[in-house]
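Next come the chains, spelled out residue by residue.
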Amino acid sequence: EVLFWSTQAQPVEETQKMRDEVVAGFEAGVDYQAPESGPWLTRAQAELSAGSGAVGVLGGLHGDLTAVRGGLADLSDIDISAIPAELAALGKLDTEQQKYIPWMQATFLMVANKKALAYLPEGADLNALTYDQLIDWAKAMAEGEGGPKFGFPAGPKGLKHRFFQGFLLPSYTGSTVNEFRSAEAEEAWGKFRELWQYANPASTNYNFMQEQLVNDEVWLTFDHIARISEAFNTRPDDFVAFPVPAGPKGRGFMTVVAGMGVPETAPDMAEAKALIDYMLKPETQLATLRATNFYPVVSVDMPDDVPASVKASGPAIATMTAAEDALPVLLPMGMGDLNGQFNQVYVDTFEQIILAGREIRPTLEQQAEALRALMDEAQAPCWLPDAPSEGACPVN
Amino acid sequence: MSDTVTAPPSVRKAGRWVFISGVVLLCVWTLLPIYLLMVNALSTPEEVNGFPKSFIPSFDLTSLRFFLEFEGVLNALWNSIRVAVVTMILSIGLGAPAGYALSRFDFPGKEVFRFLVVMTRAFPLPLLALPLAVMFLRVGLDDSILGLALVHTTLALPFAVLITFSLFSGIPFELEEAAFTLGCTRIQAFRKVVLPLAAPGIAASAVFAFVISWNEVFAAAVLTIKNRTLTAFLMQSLDWSPLHLKFAGAAALVLPALIFIFAVRKYLFAMWGIANR
Amino acid sequence: MPRYIPYLLLLPATVFLIIFFLYPFTQVAIESFTSNGSWSLANFQKASSHWKFGEAFKNTMLLAALVVPIQLAMSLTMATVVQKLQKGRSAILYIFAIPLGISDLAAGLIWLSIFEQSGFLNSILVNMGLIEKPILYLSYQSPWVILFAIMLAEIWRATAIMMVILVAGLGLIPREYGEAAEVFGATRWQRFYKVTLPMLRPSLQTALILRVILAFEVFAVVIALGGTQMPVLMSETFNWQFNLQDRGVAAAYAMVILAVSVVFTLIILRALHVPKEARS
Amino acid sequence: MAEIQIKGVAKSFGAFTALHSVDMTISDREFMVLLGASGCGKTTLLRIIAGLETPTQGEVWIGGRRVDHLPPKERGIAMVFQNYAVFPHLTVFENIAFGLRMQKMAQPEVQRRVNRCAELMHIEQLLKRYSGQLSGGQRQRVAVARALAMEPEVILMDEPLSNLDALLRLEMRSELKGVLAESKTTAIYVTHDQVEAMSLADRISVMNGGHIVQSADPVEVYRNPAARFVAGFIGNPPMNFLPARQTGAGRYHVAGTDVIGPDTDARIEYAVRPEDLTLTEPGQGLSATIRVVEPLGAHILVTCDVEGASFRAIIDSDARVKPGDRLNLAPMPDRVRWFDKETGLSVQ
Amino acid sequence: MAEIQIKGVAKSFGAFTALHSVDMTISDREFMVLLGASGCGKTTLLRIIAGLETPTQGEVWIGGRRVDHLPPKERGIAMVFQNYAVFPHLTVFENIAFGLRMQKMAQPEVQRRVNRCAELMHIEQLLKRYSGQLSGGQRQRVAVARALAMEPEVILMDEPLSNLDALLRLEMRSELKGVLAESKTTAIYVTHDQVEAMSLADRISVMNGGHIVQSADPVEVYRNPAARFVAGFIGNPPMNFLPARQTGAGRYHVAGTDVIGPDTDARIEYAVRPEDLTLTEPGQGLSATIRVVEPLGAHILVTCDVEGASFRAIIDSDARVKPGDRLNLAPMPDRVRWFDKETGLSVQ
Ligand SMILES: Nc1ncnc2c1ncn2[C@@H]1O[C@H](COP(=O)(O)OP(=O)(O)OP(=O)(O)O)[C@@H](O)[C@H]1O
Ligand SMILES: Nc1ncnc2c1ncn2[C@@H]1O[C@H](COP(=O)(O)OP(=O)(O)OP(=O)(O)O)[C@@H](O)[C@H]1O
Ligand SMILES: [Mg+2]
Ligand SMILES: [Mg+2]
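Protein chains in written order, with the working numbering: chain A, 33 to 428; chain B, 557 to 833; chain C, 28 to 307; chain D, 3 to 350; chain E, 3 to 350.
No false leads were slipped in.
One side of the interface only, derived from the structure: several residues of chain C facing chain B at Cβ under 10 Å:
id : residue
1  : V55
2  : A118
3  : L120
4  : A124
5  : L132
6  : I137
7  : I188
8  : T264
9  : Q268
10 : F269
For the record, the hints were derived by calculation from the structure and aren't laboratory data. Don't be surprised by glycine CBs; every beta carbon is placed ideally from N, CA and C.
Please build the complete structure, drawing on both the sequences and the hints.
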């Protein structure tokens, strides 16, 4: 039996589905465990430093796996030809070896309650929304309903940093790192501050927007597709999913990847690799989609009986990625241990500008310094949408 | 002679009513949140997410059943109980002698010991979990009931020492002396005299040790894989689960703990009215 | 009595704590004082220069300062009430002790279900017609309400343990002293203040130390009700350890928690010291 | 004015009745001593008067005010507890000052009173100690000083000198009497020491099994016990009883001699105090065989057999007697008492 | 064989010395009574013998074995505590059976012993109660019964009957003596009741301020006190002292009369017991003015002024005297004692 130690599919229902519907087909048997990231990391690190352990396969987001990359075995001998190369490259974690194998991917979308459509500003197209229109929309709704109906996942577990890194800033500056303190960035934060006026103040407690959508606290929001799925699955007819808005520099969007690695201490290396192989099978990938709402990393034919959430998000993602102004953004690369602190820069900027109400310019200056220090320390070259750099990615 | 009665019965009655309503108020204060938890746990997912909420549950068992039908729930429950009981025994077994020594003897280093013991509890466990896990993995205590109980004992022991110390201090040494002259060794005197008199205190620290162990998630999540405790089993993923399941999970966790407290409550009062005069 | 007996009695607990606490603790402590393999205070500098440090520190202290005194008063009241009761004593004690069995995670959840916008509090207010629309309580714009909610939840959750300790302590005070005080003209309050409290000092000390230390480690309830709005030392420790993955800084935070606890424990020990001669 | 009236007070602990409808009046400034066997309800009665115990029945009046429902603090009393109840967390000084502090008395006055009472009780050098550092007798004296310092209207003392040596006791006793007389305090004093009772009491109440049996001045109680219980209880050793066989109207046969007694139809007993006997010639008085001889200092106590009954006499220690000796004991005629065998009451 | 030897035992509490080098031997089966003022160290001595307190100095031997370093359990003793120390969590039965249970005695034997001791102490109907439901005297009797049930080699009793009424005490006292004699137990008995001391003791040891002052048989201690302290301590009331002015070799002038005394150079005092005085004609004996009259039952205690000094006499209660009366008191000549004014020791 292989112990699959994963940060993914943590909600109990998803965990259960992973066990019953996804890994159940693996012959040797799988113990799928989805602890919180704290215990996940602690155990992984402990096993690596003890030099022995029980974990066969480590599952996690790109950032999770980065934290333990030193102890991951080389998986180059696994056949990953079905996985798009740029995706597979992420799994090298800036080394020569294949440290992890991409497992599944996802992105972020906008969701609206159908009742919210009544407030959609005139002339606005759901599939080609701009940030200005989004602000007007949220404003109209707040005024019409007597209270803000826009929600944003700014809670402790909310994925707010991804929004700034991959959506807001690129849309205005065309960059994640380089233009961090540019005038465009200043404008972006100004817009967000405007939008925030019409955001439900409880947003700082929102982690998974599906809860607020389902209980009608929020009518319009942005979140990770796995975190809005429940809204579609419980009330399939009440919500619409659509692409994220665009800014002057395009429609920035980020794709996130989860991967599987094998710790060097795995009790049975061969079986662990066999499990990864199994996980990459199209059927398994489909089953994973049903269980977690993460999309396959290999190409599969979508059957008709997919869950409502997939039905709703699939077309929206397609529209978004195919949009003329599409501006794909990659996950941070080469940050290593500093991944978390890199994210924290964006979160801190948000908290200071939006929540603490500090002035935008000085805050950006100050955070830019912090960001630069991190980039210098990591010596990470730029990644999309920033232009490739020699050495550390510069903060202009 | 005058018949003036300064505090007529009506005043005393009024005082009585104030007292009773105070008690009722305190009961409501402690029970209401529990009740609301149960309401949520026994409602349908729609009700849990709806507004305004009903204060009477619809007794829908879907959410609870989800957990009860979870594979291995019973096993996890059993593990939790075992870990908590071992923790209880260890922390009382190790803590009570120390508490006794602190309350009965004067010796150099006494205050320092007491202080240091307390301080062990002032350090966040999640940071200790990594070195502990490494240690356990090396010696083979990983993923065992005993291993987890040892960690939980680290958490509960300082309190056991402290609580038993303060309560042993309240028992007249003279009673023990009497026992000595009646042929008791120190240990016998402790068992026959101090222990029964300190039953409420021992029960208090036992309850506390049990509850600490029962509710501890972090170490449980790190140190157990096959032998998950109920808390690690349910709680670690509650944060990520839909509301109705959160509540059902919380309720499923709270219930056994309440039953345990109910079972030992009489010891909290063991010697009442006898020791008291 | 041989002199070594007390040491013998302390031995098991000591050995246990050395193995299971001191050993891992030393490793973490060393981590906090080293940076890139050499001794330095860099981690402490990094921790304290982060803009959230001050706030986390302030919030932690504020919460402890607000919660602990109220809990002390409440637990004393409850313990006295329980002791006074003639009928239904064990039932009431049980009820009062119930929150003891509730983990902080569950407690946070419960109080969230009361205070959230579509929660029970708003439900009842709307049902009673007092308000028309649900009010948003836990907003970053009203940190005081968040603080208040956290206070309520903490008070609700963690008063029981103090109460149980005090109940046990009260039970050991011979009734004759209260009676003597009564005969010598003490009012109910004086009796409590001049006799019960001083005689309860050992238990009070225990309950307070225990409570204060745990108050400095509040975490789950704060996160549940305050989100990121109410950083506390413990949440920052978590953040640095697991999200920012800087174990050194996390260790430094933990050392700060330890230091604060040390200071307050010493204060309590000093304030509630019972001279040897005055023990019964 | 602090007259104490106890009207039909009864107290039961569950099925056990500790007091059966007690009626009693203690006048203002009176010094009343309660005597009675162990467990007869003395402490219970004091506790009811103090307000520490609620009577199952009956009323308590102090100074013309009904007080049963009042808390102890409003009854104007102070009490010395049988087991001292000296606060362990306070020094001797603070123990004695306790009641005064409750009244928010000014420090100099507190100081004055504490010092005075401590001196009275010979504990002035212990004022800084804690109760754990005192001997039993010292603790007891602290308890007494604490009550005296209150200068209450009514003082209740439950065996306050039981743990003191004779000498100190003698001294304390007269100090107490003086102080209480001076401060015009009404006192109820429980003791088992009859010498103490006799020398202190304005009036003695003898209790038995939850009843008051006799309440009279000390000499009366000693000389003319109202009941056989009192006769058998008071006196150290108490009265001797011998069966009397009626031989004619008012004529009885007792232990081999003929005696004149009350003219009654009831079956009665002959009683005489051990100290009211003198040695006499063989052939006269009651003839006795010595079983035990106990020296008492100036006298010796002989326990003898008189017609199969145990009989005690106190004789001068110069009489050289030993167990087995035969004695002839003549009672002083006016000291002989008679008790009804059925009712136990005195018969004249 | 349970002879107790105490060799140079001293005990200090911090700066306070409670016992100064005490030497004492209690022979096997002896009944030794300890008398002494409150706070003189009696309890401390008992506790050292029992092993509850470690002496600062000296050795304790029991039955030829040095025991200072042994725990109480191995000393073969039982003890009655001054304040009872009855276990509150056990019934009276279990309290008495406690020591026997420790010895794993069979239940029938336990039952037998408990019942016997309970009967002896008259508490057989209380066996099911808890200590909280007992009166003071009843609790004390439980403590005694608990020690007796052990049938130890050595029994230490710290004022075991102090809370009992005279009658019960008398009875308990003789029961105790009988039982202990029968079981051949060595006993140390602390009391402040001199009658008790006299009637129980094979030997009396008088303590003062941490020293043993005299250790002798009861009559000796009473009649021939070795020191002024003993004379002034023993007797109820104790001896009277009067200043004596030497008028020639062995001739003294005391309170207006001439007396023959010891032929010594030391300044000495004249002493006589109150009960060793008889009323005599005016012009003879010591002339006294009555200040206080206290009835004692058969006798009265008169406190008089003799040459400015306070002087007590016990006279028959038939003498009708009142304060202010003048009396002439003649001491029995062979009962007069003399003490050195400086050393306080007796002078022959
Ligand atoms: N822990 C202590 N610290 C200081 N002094 C003490 C301590 N214990 C006892 N003493 C003192 O030692 C002396 C002897 O005490 P002990 O109890 O032996 O007296 P005692 O003869 O039994 O008196 P009593 O008849 O009043 O019981 C007393 O003066 C007492 O105050
Ligand atoms: N709580 C109780 N439950 C049952 N019986 C009790 C309780 N308290 C006292 N008694 C009984 O009531 C009776 C009277 O007790 P009390 O204490 O008044 O006696 P006392 O006269 O003071 O005796 P002593 O001289 O021994 O102190 C005793 O027989 C005692 O056993
Ligand atoms: Mg009594
Ligand atoms: Mg003593």
